[in-house]
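> Below, each chain spelled out in residue letters.
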Amino acid sequence: MQRLLQRREYQLAAIIVLVVGLITLRAPVFLSMGSIDTIVTDGAILTMMALVQMLAILTRGIDLSVSANMALTGMVAALVSKSHPEMAASTAILLSLGLGLLLGAINGVMIAYVGIPPIVVTLGTMSIYRGMVFQASGGAWVNAHQMGSAFIEFPTLRFLGLTSIVWIAAVLLVAGYLFFNHFRKGRELYALGSNPAAARYVGINSTHNQMLVYTLIGLVSGLCGFLWVARYAVAYTEIALGFELQTVAACVIGGVSMAGGRGTVLGCLLGSAFLVIIFNALPIINVSPFWQMAISGAVILLAVVLNSRSERTRTKLILKSAQLVAAGRAS
Amino acid sequence: MTMETTVTAGMPVLSLQGIKKHFGGIKALDGVNLDLYAGQVVALIGENGAGKSTAVKIMTGIYRPDDGAILIEGNPVHLTGTQDAWRHGVTAVHQETVMFDDLSVAENIFMGHMATRAGGLLDWAGMRERAARILQDLESDIRADMPLTALSVAQKHMVEIARALSHDAKVVIMDEPTAALSQQEILELYKIIRRLQAAGKAILYISHKFDEIFAIADRYTVFRDGCYVGDGMIADVSEDDLVRMMVGRSVKQLFPKPQVTIGLPVLEVDGLGNDREFEDIRFTLHEGEVLGFYGLVGAGRSELMEALFGLKPVTHGTIRRHGAPMAQGSPRDVIDQGIVYVPEDRQKSGVILPMSIRDNITLPSIASLAKGIFLNDKAEKTLSERFRERLSIKCADLDQKVSELSGGNQQKVVIGKWLATTPDIIVLDEPTKGIDVGSKAAVHAFIGELVENGLSVIMVSSELPEVMGMADRIIVMHQGRMVRSFDRSDFSAEAIVAAATGLAGKGTQESTDAKTITAA
Amino acid sequence: MSSTSRITHADNIGKSHLVMKFPRFTKRWEFVLLVILLAICFFNASVSPYFLNLHNIFDSTQNFSEKAMLVLSMTLIIILGDIDLSVASIIALCGTVVGWLALNGAGTPVLVAASLVVGTVAGIINGGIIVWFQVPAIVVTIGTMSLFRGIAYIVLGDQAFTSFPDDFSDLGQGYLGGLIPYEFIVYVVLAILFAVFLHRTIFGRTIFAMGNNAQAALYSGIKVNAIRFWLFSVNGAMAGLAGVLFTSRVGAVRPNMAYGWELEVVAAVVLGGVNIMGGSGTVPGVVLSVLVFGMLSFGLGLLNVPGILMTIITGCLLIATIAVPIIAKRLSAYRF
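The listed protein sequences derive, respectively, from chains A, B and C.
The opening residue of the first sequence carries number 1 in our numbering; numbering runs sequentially from there.
The opening residue of the second sequence carries number 1 in our numbering; numbering runs sequentially from there.
The opening residue of the third sequence carries number 1 in our numbering; numbering runs sequentially from there.
Possibly wrong hints are sitting among the right ones.
Said to hold, decoys possible - If the Cβ cut is set under 7 angstroms, some of the chain C residues that face chain B in the computed set are:
| hint | residue |
| --- | --- |
| 1 | Arg200 |
| 2 | Thr201 |
| 3 | Ile202 |
| 4 | Arg205 |
| 5 | Ala209 |
| 6 | Asn213 |
| 7 | Gln215 |
| 8 | Ala216 |
| 9 | Tyr219 |
| 10 | Ser220 |
| 11 | Lys329 |
| 12 | Ser332 |
| 13 | Ala333 |
Unchecked claim - On the chain B side, residues computed to face chain C include the following (Cβ under 10 angstroms):
| hint | residue |
| --- | --- |
| 14 | Leu121 |
| 15 | Val297 |
| 16 | Leu353 |
No wet-lab data here; the hints were simulated from the structure.
Computed from a predicted structure; not experimentally measured.
Ideal placement from N, C-alpha and C gives every residue a C-beta, glycine not left out.
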């Protein structure tokens, strides 16, 4: 099964190494401890969210509400911390997980049980959840000094030199890898996205699986919402605005196919790494951070165009010569 | 739950009794019986539309019967789906492959019943081994970890068979298993079936190739128009008996071939190829001629016609119409040259189901009917009325959705929409697939009418009697190449079939390929 | 002319769609919308004395005229079976170009032309990528959504363009006869043109055909690639028009201008009875839908409800419009 590792992962890794090399040559500070720390932590959150976005894209869906979910759970967690500063980090995490799960489950019910296309549902909940952030906070910000100390310190706690965020991401990556490659449910999601009719035929229940997908996405979004707010020590309505596009970009660069049924955990990781490195490199090479959005967009377009060529060659192989070529390419 | 009955010798392993199934107003099955016995091959015989596929879907739990009983080893069961059918020991190899292109061969074989080991982890090693063993038994050179995209149509079918065999089944159903297989592969399949028989499995074999039926089956059951007609031992019947039961009348009546004088060339194709699906295609079509294209499923005939119709690019060769090169960039270009294409998959590419009959018929001609860019309702109404009459389309009114029509009438809508463009050449791809017997004869008669009026017809068909009955010439394709062409005077069923499976005929390349398949 | 019965979203989800011809009988979705519209107007009139004032009502149309124009061209795209999420970003891009040109002394006609050109080019980029590489519109427009607005951010950062020629504001703020805003007139004219185009021309018929079954449409000789390409280009041009009018009305260009409009536009299209999966819908339906949103928004404004609530309502309406018919159908199946 691991033979299915596309050459794309190698290409992407090579490009990343090249980019890092070039930037470091121009500005060695890029590889300083502080810089690496930021890059790795940014990357951790984006990787986790790209991983769950892959869940949606794999099954021929998409979740545009993830950033709104993060914002809402983050704000709620911050508000609770503001009124209960003595609250432990673990409580905050549980709260975020619970709320995130609920928000994701709402998406799931609409998509799986009512049968509304994911793009429509998540476009709607994206606004609803974002609007609720305003309702919850009354438009006011929650600042660092209003948050509990345990709340704010959590992201900075270190084990063996790495922050808690990085550890959480690492655990999620390993869990994701196992899930997608070594558990029945994970492979069934690939089957569902690859050919929904055939999946139904072999008994894979689309409804339950879609419910699972969007609920899981909500769960992780909730967690990342807390991590985001705690890390930046601020919560406001527009937090993580547009972040959902970065998760899609990370997936697409990483080789996740928008047609469903294809994508790897490593791809998500590399895609996220690519984006995060570029974004962090911008200020170092004196490019304004306002370039981030355009770069995300350009990268999505480029990746999608490049992906399209490989997807278009899925025609029937009838001529013996064409079969031999394809078999050779696959081995 | 009823009392468990013990299996006695001679009792069927699987039995359908009085099964009825209808879809809307259409009766797919009207009280059919079917018995499958351990260690025996039963051939299920019937025309297209006789209800065979519906019966298979009921046996595999995809459809629930409206009436009647399914008995497995004497006990009535209610199957809730494919996995339930597997649990009861019923597996099937279906006509259309049901595969996951993005996954590997092993995953395709085991999806839905993947083996796990401790902690819920997938047992990849075990599955890979089992898959390799099954494929080896099938004498196939497919490796378990190959991605499905690297396989040909025939190989994918082999994986389908492997999937059915991966369950420890009591009943193995095979629905047209040889459509895409070469002669050599068919013999291999017979060996597998014999082995399954020896292991005590009950086999249901659906095919309309009589040579296969008489080679492999022990018993037969015949369906006609959703009804059970009869059953018995193969040794006790002849082919004519079976045909009579299938069709209710003699075969010769079905293909009225009119006498037409063949005229000048209207289409010349030379050296046509697209590097992937077909190459080196050369033929000439004449006025008033019916040119048949015969071959196995996956031979590349439809792909060739699609390229001719401007749906696919062509990398080599020329197409000439009236002596001049023909533009083939898009279907519109080709239609403007008077060539139209009636595709095989009527519902996907032929009609727009949710739209009305009238909108469908007028669609390709809409620009010519219009007043400038504005729709011309009156002209549209007149045109669709005219064709409704001419083709005898049975419908309540022309605003009815095409989805509400029967298969035969839907086909008439497709033909009608093309005739409205006044073409010279009409390409029919499996024109009578999935159509009831009555409409089939009508379509054939209609083809006769077309050539009498000076049109030329290219007919792609996988039904040998049909193509031998209707065509003036037959071109046989195999794996994307033309193997042989036959004039009506040289028509020979054995030679045509042999050519289609890659044996005999022009060029040593085909026979070399056949050798490499078996040697690998 | 024939009338075909309207099928609600419930019947349309996942399965067949019905071609809509110009409605003769309003015993359907459009009628429901009309009733809702009247109900909202009733409600507005009862809670505020300012509502039933012709000046005020016409004024309020300015708040939604630009979006309404986007709705017209988006309707075609959605009936086609596609979607374009980049429209709001194209407005930001066009606004940026207009603002920059204005800053450098361009006159109003040049500004209008420039906005239309930039919008069309953006639409051509969308259509070009979609058709040339055969990539789903949703992904491409998610990408261009970021790219186009991203360009606005690169040029403006956190600044704004605020200097425009004196007569520029007439476009978005001017009135005919002191009563009817120019913007609204432009919208009405466009609505009529689009209605005729969709329901009475051969192009409209081919769009419905493609939305119902693009493959069969292709096999019937319809130039699907060309139609798709042109529709996205027109959508871009429309965004260009909406962009210059919006800029003129507001008098400023910021990189976050029209943020979130794509949601409102899609919601209005869906509420207007257009099937999100493609293949059916009417222009009168989306016109009524836009008026419903407009009057609702106006009413909430009169009640001093903050704008963000409208966003929540829009999101809920988008989902409810599709969900309610499905749920209703399933419940009724249980009753019999």
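> Decide, hint by hint, whether the structure agrees.
Status of the hints after comparison with the structure:
no.: 1; hint: Arg200; result: holds, 6 angstroms
no.: 2; hint: Thr201; result: holds, 5 angstroms
no.: 3; hint: Ile202; result: holds, 5 angstroms
no.: 4; hint: Arg205; result: holds, 6 angstroms
no.: 5; hint: Ala209; result: holds, 6 angstroms
no.: 6; hint: Asn213; result: holds, 4 angstroms
no.: 7; hint: Gln215; result: holds, 5 angstroms
no.: 8; hint: Ala216; result: holds, 5 angstroms
no.: 9; hint: Tyr219; result: holds, 5 angstroms
no.: 10; hint: Ser220; result: holds, 5 angstroms
no.: 11; hint: Lys329; result: violated, 17 angstroms
no.: 12; hint: Ser332; result: violated, 19 angstroms
no.: 13; hint: Ala333; result: violated, 16 angstroms
no.: 14; hint: Leu121; result: violated, 34 angstroms
no.: 15; hint: Val297; result: violated, 20 angstroms
no.: 16; hint: Leu353; result: holds, 6 angstroms
Hint violations for this structure: numbers 11, 12, 13, 14, 15, all remaining hints satisfied.
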